[in-house]
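J.: Letter by letter, the chains look like this.
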Amino acid sequence: MSYAPSPATLKKIEGMIAPYPERSAALLPVLRAIQEESGCVSPEAEAWVAAKLGIRPIRVREVLSFYTMFRRTPAAKTTIQVCWNLSCTLAGAEDLIGFLREKLRIGPDGTTPDGRITLETVECLGNCDQAPCLQIDGTDYGRMTKDLAASLVWELEAHE
Amino acid sequence: MSEDAVRLIPADDSSWRLEAYLRRGGYEAARKAVTSMAPQDVIAEVCRAGLRGRGGAGFPAGLKWSFVPQGGTAPKYLCVNADEGEPGTFKDRAILVRNPHQLLEGMIIAAFGVGIGKAFIYVRGEYDRIAGRLGEAVAEARAQGFLGREVFGTEFGLDVVIHFGAGAYICGEETALLESIEGRRGQPRLKPPFPAVVGLFRSPTVINNVETLANIPLIIGRGADWFLARGLPKDGGTRIFGVSGAVRRPGLYELPVGTSLRTIIEIHAGGPPEGVSIKAVVPGGLSAPVLRPDEFDVPMDFDSLSRAGSMLGSAGVIVIGDRTPIIEVLKVTARFYARESCGQCAPCRQGTSWIHKIVSRMAEGRGRTADLDLIRDLADGMKGQSLCPMGDAAALPIHALVSKFREELEQAVSR
Amino acid sequence: MSGAKTVGLNIDGRTVQAPAGTTVLKAAELAGISIPHFCYHPAFEAEGNCRMCLVEVEGLPKLELACSTVVKEGMTVRTSTPRILRSRKDVLEFLLAEHPLDCPICDKAGECKLQEYYDRHGLFAGRFVEAKEKRDKKVAIGKGLLLDRERCILCTRCVRFLRKVTGTGELGVFERGVRAEIGTYDGVPVDNNYSGNLVDICPVGAITDADFRFKTRAWFLKKGPTVCPRCGRGCAVVVESVSGYPLGEKQRRVFRIRAGENPAVNGWWICDLGRAGRRDIDENRQVRITRKSAPGETVSWETAIEEIAGRILGIPQVQRGARIAVVLNSLLTCEELALAEKVFAKGLGLPGVYFADPTPGEADGFLLTGERVPNARGVLEAGFSPRLPNLDALAAPVEILLVFGSYLLEHFSEEAISRALAGIPSKFFFSAYAGPLDRLADFVIPIALPAEKSGTYINVDGLRQTFDRAVEPLPGVVSEREILGCLADGLGLNRGGPDAC
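Protein chains in written order, with this note's numbering: chain V, 128 to 287; chain F, -5 to 409; chain Y, 752 to 1252.
Chain V on its own, in the form it takes in the complex:
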C-alpha cells in the first residue's frame, strides 16, 4: 500500500520545500504537513518523503524518532499533553496528572479504554505564568484547576 498526500497537502509541501537552498532541509516542515493530514507518518509516508527530498528513508526515520512531536503510529482522536516541569509541578501538576489519569481511566499505554483520548506528560510548554498548563491537540490551556480539568474531561467525553 503506497502513500500519497492529498493534492492540497502536496501543494503545501511543495511550497514548503521551495525556500530551502537544499531540498533535504525541508524534512521537518514536510513531516509536519504529512502528520497534520494523516495523524502520523507511516513507513509508506517515510518512503514517499525520502523520494521527494532525495534522501534515504533511514534518514527520515532518524529524524522522526528524535523529535517528540512526531508520531509514527496513528494518534488517538484527542491528545492531552500535561507539563510536569518545575513551574507546573510547583502549581500541582502531579496531582493534576493523577486526577486526569483517574477521571479518564487512562491505561498503562496512556490511552482511555476506548482509545479515543491519549494523556502524555511533556516538558516546559513556555506558558509558565499560567501553570499548571496543558495542551489539547496543540492548543494551550492554563491555570488548570481540578474543577477546570473535570469540566474539560466532561466536555471531551461528551463530544465524540
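Simulated from the structure, these hints should not be mistaken for lab results.
Do not rely on the hints blindly, as some may be mistaken.
[What the hints assert, rightly or not] Keeping only pairs whose Cα atoms sit at most 30 Å apart, straight-line, the calculated BS3-like set for lysine-lysine is:
#, chain 1, residue 1, chain 2, residue 2
1, Y, 777, F, 398
2, F, 325, Y, 894
3, F, 398, Y, 864
4, Y, 883, F, 377
5, Y, 777, Y, 894
6, Y, 777, F, 185
7, Y, 864, F, 185
8, Y, 885, F, 377
9, Y, 840, F, 325
10, F, 398, V, 230
11, Y, 756, Y, 813
12, F, 377, Y, 777
13, V, 230, V, 179
14, Y, 864, F, 377
15, Y, 840, Y, 894
16, F, 377, Y, 840
17, Y, 915, F, 70
18, V, 179, F, 70
Starting from the known structure of chain V, fit chains F and Y onto it as the hints suggest.
T.: Just chains F and Y now, with coordinates in the frame of chain V:
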C-alpha cells in the same frame, strides 16, 4: 514618546498589527539603518549599546555580528532562535504574539548590518498554534516592502522563512538549531568552527534570540547611549523577566537590567502567597543554579549573577515555596535533562540518565547519603567535558541543589 | 615535501614538529605519545562525541579535544596532568555505567578499547547501582554481523563508515538520550562488499561477526601480515590463526582475516571477499602426496620430483617442446615465476606455458578488481604471455603434463578435461585443494597457499609488495618455489643456490 512605544511587549494586545506598529514609530529605525547608515556603523552602534544575548548565553550581540567575515558573494544567514525551551521562560512567546513587527524590524537591521539576505525564524513546535500572527506580520511587512527585494527602495533585500521545531529542548542550542533547519537530528556541532564562519548550509550565520533582536530597533532608533542608560554601563537595556511559581502575580515584567531579584519577586510579582515563605529561587531558567533567600539581593545582570555562582540565562525566575520538598525540584530537574539529552556524547547521555535514576530512587524513599556525593561527582564529570553547553546546563543546577540543600536532602534520605 | 609548512609545538615537555593542519592527536602520535580515543578514526573528520581525548592546552580554560584541535606554532599541550587523568576516569565511568559486564563472553575481550583504557586510565570501583537499560543483544544487521546494543557506546564509527566510505548508509541512530540506539532501516540490512570493516572499527564488542563468534580468544591468535591473493589490488591483510594450543598440538586453524593498513593500496579497509578467504586457507586442502600407482604408499615430494625430472629427461631435447605441457597460474609469486621461466622456457625450451586462473569477476568500484588473481603483472614481468590451454593442444603428442593450481575446472568441464588428459601418459598435479581431477594424475602434490609462503606480488597499479609467511603451513604442503627449485636441480639447471632442494 509614551513609555508604551518602547515596551517590548505592548500592553494592548491589539497593537500587534502593522498599522498600530507604524503609528508608534515602527520601521523608522530600519529605514534609517538601511537608507542612511553604513553596515559597519550599525554593528558598531549595537556593540556600544552593550546588548547581551537574551536567549541564555548572554554573548554580546554586536560582537557576534562582527565575527561574520565582511563582503563576499556567498550567501549569509540569520537564524532567529524562538525555540524558548528553557523551563520557566515564556517571554519570546509574548513578543511573537504581541510585537512580531518589532522582531521583524530588528531582523531587518541585523541582516543589513551583517550582509544577510535570508532569515529563518526557528519557532518551537509547541508554539505552532500561536504563531499565526507572526506569519501574518511577515505577510504585512512583505506587502509594505519592508521584506523581500529592494527594501526601502535600496539594493538590500531580506527573505524570511518560518521553520517549526518538533519537540526538542536541545534545538535551542545554536548549532543544534542549525542542524534542525538543515533537516537533521538536533545534535550540536563541534565548535570551532563557529557559526559566524561555518554555519547554516556551511555559510556564515548569525543566530540571535527573539528578545535580543526585538531590542535592535530601539538601539538604532534611539541610540546606544539611550539604551545603556536604561540598564547598566556594560549591560544595557531592559530584560523581560518571566516570574512563575510561588508568587501572587506570576507574569512577564520588563525591567532595567540590574534590578534586584528581591524587587522583582516582592514588588512586581507580589511576593509569595499568604502563609508561604520562599525557600529557593531559580533566577535564569532551570539551567541557572538555584539561589537561597540570603542571596536574593543580587542585581539581575550577567556579571552579578555570575559572581553569585549562577547565571542570568533566560531571566526565567522560578520561585520555590517552603512547602515544596527540594527532592521534588531535584526530581523534576534530573528528569528534564535526561529526557532532553540528545545522546550524542557520553558524559551528558550517560550522566543525565544516571543522575535521573539515582534521584528517582531517592524520591521513592530508597536513597542513601552516598548518593548525594555521587550526584555531585557525576555533575562534576559532565561539567566542561560534554560536547555542548547542555552538559553544563544539566550539571550546574543539580550540583547547586545538592550542595545548597544538602541538609534537607540528607534528612529526606535517612527517613 | 618542500614548501609544506611545519609547526613547532610542545607536548608534555617535548618539542614536536608537525605539518600545518595536523591535529594535536596526530602530532602527539608522531612524538610517540598516544592519546586515548574511541570515536576518532583517521579515515574520518573529527566527531568529538566520546570525549576521551581531552587534553590541556595552555592558555585555554577548558580541556580541548586532541582529535579536533589543530596545532598552532608555539602551542603547549599537556596530556597527563592530574586534571586529565581525572577527566579520563570520568569519561570511562560514564561509558561503563550502562555497559554490560560481558567480558567473559564477549569476542572483543583482549582487543577492546574500553578494557584497554580502563586498565590504563581507570581502575576505579564501579558506583552504578541502578537498573541498567535492557537492550537487544543480538541484532542481525546483515552479512553475518551482529549488533549488541547494550555494549554499543554510540561512537558512530559504523554509521559514519557506511555513509562516507561505502556511501551505502545502511545504519542510522534512532531515538535520543540514553535511549539512542543504532540500527538498520526496516528490511534494509547492511549489504555491501565492505561490511566486515565494521567489526574492525568498532572499538568495543558491539558489532561482531557470526563467523568468529565464540570461536576463540583474541590473545591466542597469531597475527600474520601478508598480501591478499584474491584479486589484483594486493590489499594488506592480517591473517589470524592458531597453531597448537589451545587446539591440538599439530592442529592449525585460521580464525579470521582482518584489514592491514597500507596508505598506498587499501588505506584501512579490505573487502568482504578478502575476508572470506579465511575459509580457503583451511578448507578442502590437499594434504597428502598421492601416487596413483601405489595409493597406500607414502612418498616424499623430493622423490616425486626426482621421478618427474627423470621422465622429462627421458624425452630428447628437441622433442620436449611438443611433448611436454605446463599449466601455471597467476597466484605464483614473482620469485616462483622467475624460476618457472628458467626451468620451462629457458631450460626445457617449451614454446608456450599455459595459464589457468580463477575467472574474473566484476570490479566493485573501490578495492576489488575485476581480475581475481594477485600477480597478473608478475606473470608479464617474468616474460610469459598467459593463455588458456586449448584442450586439443593437450592431447597427443603431449606425453608429460604438469598442472600447477586447481583452476582448469573453472574453464572446462570435468568430462572434457578427462577426455583430453586420457591420452597423456604422465600427468602431475600440484594443487592446494582436493578436487575431482585428482584421480587422473600420476602424482598429486599438495601446495602451500600464499598465506603459507613468502614472496612478491605486483599489484594492479604496478606496486611490488613482498610478504612473509603469515600462517604455519599445513604439514606436508610445499611451496612452488621449493618444487621448481628442486625440479631445476633434478634437470641439471640450477647450480646450487638458495632454491636447491
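J.: For every hint, state whether the structure bears it out.
T.: Now the hints, each set against the structure:
At most 30 Å may separate the alpha-carbon atoms for a hinted pair to count; residue 777(Y) and residue 398(F) exceed this at roughly 43 Å. Between residue 325(F) and residue 894(Y), the direct Cα distance comes to roughly 44 Å. Violation of the 30 Å bound is thereby established for this hinted pair. A hinted pair counts as satisfied when its Cα atoms are at most 30 Å apart, and residue 398(F) with residue 864(Y) does not qualify at roughly 39 Å. For the given pair, residue 883(Y) sits about 23 Å from residue 377(F) by alpha-carbon distance, which is consistent with the 30 Å threshold.
Distance hint between residue 777(Y) and residue 894(Y) is unfulfilled; the C-alpha atoms sit about 33 Å from each other, more than 30 Å. At most 30 Å may separate the alpha-carbon atoms for a hinted pair to count; residue 777(Y) and residue 185(F) meet this at roughly 19 Å. Proximity of residue 864(Y) to residue 185(F) is assessed by CA-CA distance (about 26 Å); at most 30 Å being required, the pair is judged to hold. Proximity of residue 885(Y) to residue 377(F) is assessed by CA-CA distance (about 27 Å); at most 30 Å being required, the pair is judged to hold.
Taking the CA atoms of residue 840(Y) and residue 325(F), the gap is about 26 Å. The hint holds against a cut of 30 Å. Taking the CA atoms of residue 398(F) and residue 230(V), the gap is about 39 Å. The hint is violated against a cut of 30 Å. Between residue 756(Y) and residue 813(Y) the CA atoms are separated by roughly 28 Å; this keeps the pair inside 30 Å, and the hint holds. At roughly 26 Å between alpha-carbon atoms, residue 377(F) and residue 777(Y) fall within 30 Å of each other, so this suggested pair holds.
For the proposed pair residue 230(V) and residue 179(V), the alpha carbon gap of about 44 Å is over 30 Å, so the pair is violated. For the hint pairing residue 864(Y) with residue 377(F), the CA-to-CA distance comes to about 24 Å; that is within 30 Å, so the pair holds. Pair hint residue 840(Y) plus residue 894(Y) does not hold up; C-alpha atoms about 36 Å apart against a cutoff of 30 Å. Only pairs whose Cα atoms come within 30 Å are accepted, and residue 377(F) paired with residue 840(Y) is accepted, the gap being roughly 14 Å.
Between residue 915(Y) and residue 70(F) the alpha-carbon distance is near 27 Å, which keeps this suggested pair within the 30 Å criterion. Taken as a hint, the residue 179(V) and residue 70(F) pair is honoured in the structure, with Cα atoms around 26 Å apart against an allowance of 30 Å.
The earlier numbered hints that this structure contradicts are 1, 2, 3, 5, 10, 13, 15.
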